[in-house]
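Q: Okay, here's what each chain looks like letter by letter:
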Amino acid sequence: MILTSGLTLFGIGLAAAAILAVASKLLYVKEDPRIALIEDGLPGANCGGCGYPGCSGAAAAIVAGKAPASICIVADAEAKLVIAGIMGQEVIEREPELAIRDCSGGSRAADLFYYEGALDCVAAHQLYGGSKYCPDGCLGLGSCVRACPFQAIQMGPDNLPIIDPEACKACGKCVDTCPRGVIHVAGMSSRLLHLNEVNDCLAPCRQKCPGQINIPRYIEQIKAGDYDGAVMTIKERNPLLVTCGRVCPRPCETACRRQYVDDSVGINMLKRFVADRELNSGKHLPIPCAADTGKKAAIIGGGPAGLSCAYFLRRLGHSPTIFEAMPALGGQLRYGIPEYRLPKADLDWEIQGILDLGVDVHLNTKFGVDVTIDSLREQGFEAIFLGLGAWTASGMYTEGEDLDGVMGGIEFLTAHALGQGPDVGKRVIVVGGGNTAIDAARTSVRLGADVTLMYRRTRKEMPANPEEIVGAEEEGVNLKFLAAPARVIGDENGRAVALEYFEMELGEPDESGRRRPIKKEGSESTMEADLIIAAIGQRPDLACLYDDSDSCPLETTKWQTIVADENTFETAVPGVFTAGDVYTGPDLVISAIGDGRKAARSMHYYLTEGQIPVSKNAQKGMNPLSLFKEIDNVQHKDRAVMPHLCHGDERTCTFNEVEGALTEEQALAEADRCLRCGTVCYDQDMEAQLPLQEHAAQ
Amino acid sequence: MSKLWKEFSKGLWKELPPFKLVLGLCPVLAVTNTANNGLGMGAAVIFVLTLSNLLVSLVRKAIPAKVRIACFIVIAASLVVAVELLMQAFSYPLYQQLGIFVPLIVVNCIILGRAEAFASKNPPLLSIADGLGMGIGFTMSLTFLGSLREILGQGTWFGMHVTWDGFEPFGFMVQAPGAFVSLGVLLALMNFMENVRRKRRGLKAVEGPSHDCGSCGACGSSSKC
Amino acid sequence: MQEYFLLFIGAIFVNNIVLAQYLGNCPFIGTSKESGVAIGMGAAVVFVATMAAAITWLVQAYILVPLGLGFLQTLAFILVIASLVQFVEMFLKKMVPPLYKSLGIFLPLITTNCAVMGIALICQREELDLKTTILFSFASGLGFMLALVLLAGIRERLAVRRLPIAMRGTPIGLVMAGLMSLAFFAFKGMI
Chain A
6 MILTSGLTLF GIGLAAAAIL AVASKLLYVK EDPRIALIED GLPGANCGGC GYPGCSGAAA
66 AIVAGKAPAS ICIVADAEAK LVIAGIMGQE VIEREPELAI RDCSGGSRAA DLFYYEGALD
126 CVAAHQLYGG SKYCPDGCLG LGSCVRACPF QAIQMGPDNL PIIDPEACKA CGKCVDTCPR
186 GVIHVAGMSS RLLHLNEVND CLAPCRQKCP GQINIPRYIE QIKAGDYDGA VMTIKERNPL
246 LVTCGRVCPR PCETACRRQY VDDSVGINML KRFVADRELN SGKHLPIPCA ADTGKKAAII
306 GGGPAGLSCA YFLRRLGHSP TIFEAMPALG GQLRYGIPEY RLPKADLDWE IQGILDLGVD
366 VHLNTKFGVD VTIDSLREQG FEAIFLGLGA WTASGMYTEG EDLDGVMGGI EFLTAHALGQ
426 GPDVGKRVIV VGGGNTAIDA ARTSVRLGAD VTLMYRRTRK EMPANPEEIV GAEEEGVNLK
486 FLAAPARVIG DENGRAVALE YFEMELGEPD ESGRRRPIKK EGSESTMEAD LIIAAIGQRP
546 DLACLYDDSD SCPLETTKWQ TIVADENTFE TAVPGVFTAG DVYTGPDLVI SAIGDGRKAA
606 RSMHYYLTEG QIPVSKNAQK GMNPLSLFKE IDNVQHKDRA VMPHLCHGDE RTCTFNEVEG
666 ALTEEQALAE ADRCLRCGTV CYDQDMEAQL PLQEHAAQ
Chain B
842 MSKLWKEFSK GLWKELPPFK LVLGLCPVLA VTNTANNGLG MGAAVIFVLT LSNLLVSLVR
902 KAIPAKVRIA CFIVIAASLV VAVELLMQAF SYPLYQQLGI FVPLIVVNCI ILGRAEAFAS
962 KNPPLLSIAD GLGMGIGFTM SLTFLGSLRE ILGQGTWFGM HVTWDGFEPF GFMVQAPGAF
1022 VSLGVLLALM NFMENVRRKR RGLKAVEGPS HDCGSCGACG SSSKC
Chain C
52 MQEYFLLFIG AIFVNNIVLA QYLGNCPFIG TSKESGVAIG MGAAVVFVAT MAAAITWLVQ
112 AYILVPLGLG FLQTLAFILV IASLVQFVEM FLKKMVPPLY KSLGIFLPLI TTNCAVMGIA
172 LICQREELDL KTTILFSFAS GLGFMLALVL LAGIRERLAV RRLPIAMRGT PIGLVMAGLM
232 SLAFFAFKGM I
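Residue numbers (my numbering), protein chains in the order written: chain A, 6 to 703; chain B, 842 to 1066; chain C, 52 to 242.
Think of the hints as simulated: they come from the structure by calculation, not from any bench. Computed from a prediction, not measured in an experiment: that's the story for all the values here. Note that beta-carbon positions come from the ideal geometry of N, C-alpha and C, so glycine has one too. Some hints here could point you the wrong way.
Example chain A residues on the side facing chain C (calculated, C-beta under 7 Å, incomplete) [stated by the list, open to error]:
hint	residue
1	Thr13
2	Ala28
3	Ser517
Working from the sequences, and respecting the hints, build out all of it.
A: Spelled out as structure tokens, the structure:
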């Protein structure tokens, strides 16, 4: 009995073993032995973060060459080296990626639901498939928390998921799970390369900023006391925050929803606060750059557009070289903006921070003379960026404008910045209403002249920053509105002594929406002057583009700007890009910085892939859905006032900086005024809502 | 000695199967309609688990890694055959009651799981302690669940009448749905107690043991984990 | 014919292998988190259970019974099933790669699936003939797949609901299985 059973079992076992052995020979599938080896090397978490079904799938994919050795997101560097060793590859360091939550809605989500009788957002989501007013916002369900295999996500107090950057492996499980698409996984490069898209969650300020700075995030970071984090957020879009914190005319603040309650949030004050904190620390925060690609790019012009382009190219891993015609970098920032608004020392510090990343500079190198597109190509620069700026002052088109004692606004400011000490005499007339005109006027005041600023419309139409106008007035600049120059009167030496001008009146609005000034016939008057500064516009000087035979490879416009694709900023010559004033005509610093980044993005794709992707969803104008005129349930809070650093005589006689930075306390209070807007949502005051609720209860 | 006690006692609460270590659900659900069945099944599992742990531990160095799972299965299956024969000889009614779940002890994840996770890496004494602890824990759980279902579903405990007159037993509890629901609720209660304890220590609440018997099978046969 | 039909329907709905017979609960709870996985696992079980029941029937009828070794049933069956799963894995990999791709990763999980062994044992206890054994095991496998896919569907929806933290995961899965089992009681009146 025992023998039979033993033999039977042995027989069954033997038969099974024999069949399996034969089968394994007959049915042998030639499988790379490396698959088993790699599978042993993988951690075996079967998390699916690599996109293959389990570790064995990933191992097969690695051997098949469909996946890199570093595909596993959980394996440590050592394991990856082992796997790469099996495959005979080397591991290239991959840029770390992180999950990022893009919604600031949180508990507001409940208010945004179109309820149809459902009691909360969860119920609404279930009943109506999430017919939520906001198409993008977080539902606060926490499915991502459960989906995360690494316990890196927790629900925060305001019903928004908080991602722990230490624990996050960027496996993307949360991205797949989120029913709202609120979370995305991105590394530094993809964040730098991302342009605003219409379906992003964009607060109005973020839509309006030409530099596409993530304003809500940095204000949030300031509120949380993470000032360095705020600096880094700004630096993902704008490397010149010390400068912009001082001179930006703040388009963002014109879009701020808070202005319908009391006054817009002092966004730029907050930028200046964190920028000055870094500046005063004396140490540049370390800025991560992608691994070197070895691609060379030439940047012509070291102004804001060129600096921005060079900075972003460097952060994307390329090697930019700046060619600057002037003896120092900065362009209009250095030569067009007076010291009392932007101290040169601060500008130098900020530019040094960019150069320290590994940007080469050739100063006093004129484009068209010392280097040309062809010579740069020969030197191995695969992509070229033209950021020439707009350096020629437009004329007044009046008789006598070429007399001595008549200068263009930008010429005057540049001469002053270069220390050439232009002679202002006793009486100066500045013609124009822009920031350059005000800068010229206030600079003349500081040089001891009696200054009149002449503008052909009224104060309301002046394009200059309002506080600049106030500052000019405070410093004793006479404002002469509704007056336009008719003729410059010169003496026998060919020197201007007076300006004859017309009185004007406002007619119908023109296409820019401003009322057109109309000459009053026979209203000519004369005003005496030692120096007449015409600051009525600037245009680029494109002479450098023309070769000896007077032909220019690039297409230009009648305003002397370069023609380029509005999305890619590539000119008619492949590999040559442009941005800044030479492309747009005179515009804001932040526009030049923003376009510099967009050009850098195009150059990055041109250098690495050859094709420049253009999104159909790129956000250009303002999203009408996001523009509110009424803001409910928000309490008044006064806007902070920019402190003045110098007063009285010191202010009008020296070039010391006029405006100061907020204190930490003021900055926190100002950050607290932010409504944390999303595309359509914003924070309401719970206190303000209380009476309403009580009312409802009764 | 303390190490032995540690390995023994962990099965009684810290890693109490099937509540803390969600393994071997089928017999838990199937044979816990009465306390007696639960106890009987538990006893069978103690026998198989302890001896299989001992045997696996003894031969652990002799078995090549490639065929170790097959060997574990053969060892467990032989022991199960022995249990079957013993039960037929000494406690036939219980054997009848438990039905196919006695032979199915072979594929109970606990046996293979402990063999693979513990006995194949530890000396015989510790393995016995582990098997005994786990087995007793498993028996306790089965008996407890069986008692609960028997009392609520039949009004009796080990066949004794324990409820008051007029108690209307709910048949739901002895049927399959009752098995699923009562185990689910018990697991939730365990999680709840664990979370209260964690909260007292200032830790984050967790979801409790994730059940992955599916993957324990994977460990068993594809030489992973 | 009608008898076969009743057996088929009965095995799927009335005596559902998971919900009424308590078999295969571990993979039932373990692999029911996503419906894609559930379908793969279910299909693999249908396939292996049918083959295993047929082969173990042959082993029992032509080896164990003639030799009078009925008590070795358990040991013999597990050996046969384990070898079968290995064999099927190799066979599919070589002969039907697309099928292997969709079912392959679930095959190793089946060795210790008590549903497969349980179905084979039930067939023996009920003393079914070979034809009925194949039909019954196929239907039981389908019943397992049905229950698994249904539960996966429920749990996928549950995953986004706000549950008490202690109930999340396995506990709510078990309660749901209980409710499904209760619902399947309704089929008892069918036959």
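Q: Given Ser517 of chain A was flagged as interface, is its beta-carbon under 7 Å from a beta-carbon of chain C?
A: Hint on Ser517 of chain A: violated, closest Cβ of chain C at ~51 Å, above 7 Å.
Q: Does the CB of Thr13 of chain A sit less than 7 Å away from some CB of chain C?
A: 5 Å, holds
Q: Under the criterion of a CB-CB separation shorter than 7 Å, is Ala28 of chain A in contact with chain C as hinted?
A: 5 Å, holds
Hint violations for this structure: number 3 only, all remaining hints satisfied.
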